[in-house]
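Visitor: Sequence:
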Amino acid sequence: MVLLVVALVGGLVLWAVSREAGLGSPGSANALPEGGGIQVGAAPSEDVPQVQLYEDFQCPFCGVLEEAVGAELAQRAEAEEITLTVTTMSFLDGNLGNDSSSRAANAALCADDQGAFLPYHSAVFAGQPAQEGAGWTDEQLLGFGETAGLTGEAMTAFTSCVQDGTYDDYVADMQERANRDDITGTPRVLVDGEQLEDTQMQGLMDGSTSLDQVLGSGS
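Residue numbers 8 to 226, in the numbering used here, belong to the letters of the sequence shown in order.
Derived by calculation from the structure, the hints in this document are not laboratory data.
Small disclaimer: the values here were computed from a predicted structure and weren't measured.
Cβ coordinates follow ideal geometry from the N, Cα and C atoms, glycine included.
Heads up, a few of these hints could be off.
Just the calculated beta-carbon pair ranges, DEER-fashion [unchecked claim]:
#, residue 1, residue 2, range
1, GLU139, GLN202, 31 to 39 Å
2, THR154, ALA36, 17 to 25 Å
3, ASP213, GLU139, 15 to 23 Å
4, ASP145, ASP54, 38 to 46 Å
5, GLU53, THR163, 35 to 43 Å
6, ALA141, ASP54, 19 to 27 Å
Based on the provided sequences and hints, a complete structural model is requested.
Guide: In structure tokens form, the structure reads like this:
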């Protein structure tokens, strides 16, 4: 009996340690391991700027940043002028009492499987509700897939992925990874591993600082 109890306790401890350390949930086509986010654009290299973006789909200032520089970031990533890694956090679910950040992040991963991460990402922010915390219905999240250009079999696969919550665990891993990296608010931008200062972030959002200036300061 003593041996059984010791074995049971030991097993529980090992399980707890594994849960604490492990970020092993599978992600979508362009998802980095261990909740590292979605990486698009050029392959990581010293020859191109490495841009890391942390955001929450329900974050109003993330929407402001997306409106200001989102299209240019996407264009540069698609032209392989930068490596863009996007971590979609979900901490605002707890603050706002809903699950829209997590559901939108899962849907964005589902869109990634269909080659439409950046268009979907843009569509969600363009469709942010006027009132923070109102969130999105499942129908709205699926509708953003159509806005992102998904049709036919791609839309069918996307719909199933969203409805099944296929990447819910990876979404949780992204939040945990961000916590471990001391990212406590959004939006946050890092260029070549260096976090932009608040004045630079404000400049990007109000247009007084160009993306070229920011990328140059980080290289």
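Visitor: It remains to establish, for every hint, whether it holds in the given structure.
Guide: Consistency of the hints with the structure:
1. Take GLU139 and GLN202: their Cβ atoms lie about 24 Å apart, and the range 31 to 39 Å is violated.
2. A beta carbon spacing of about 20 Å between THR154 and ALA36 agrees with the range 17 to 25 Å that was offered as a hint.
3. The supplied range of 15 to 23 Å is met by ASP213 and GLU139, whose beta-carbon atoms lie about 20 Å from each other.
4. Roughly 42 Å separates the CB atoms of ASP145 and ASP54, a value that falls within the hinted 38 to 46 Å.
5. Judged by the Cβ atoms, the range 35 to 43 Å given for GLU53 and THR163 holds: they are separated by roughly 41 Å.
6. Between ALA141 and ASP54 the Cβ separation comes to about 43 Å, which falls outside the hinted range of 19 to 27 Å.
Hints 1, 6, counting from the list given before, are not met by this structure.
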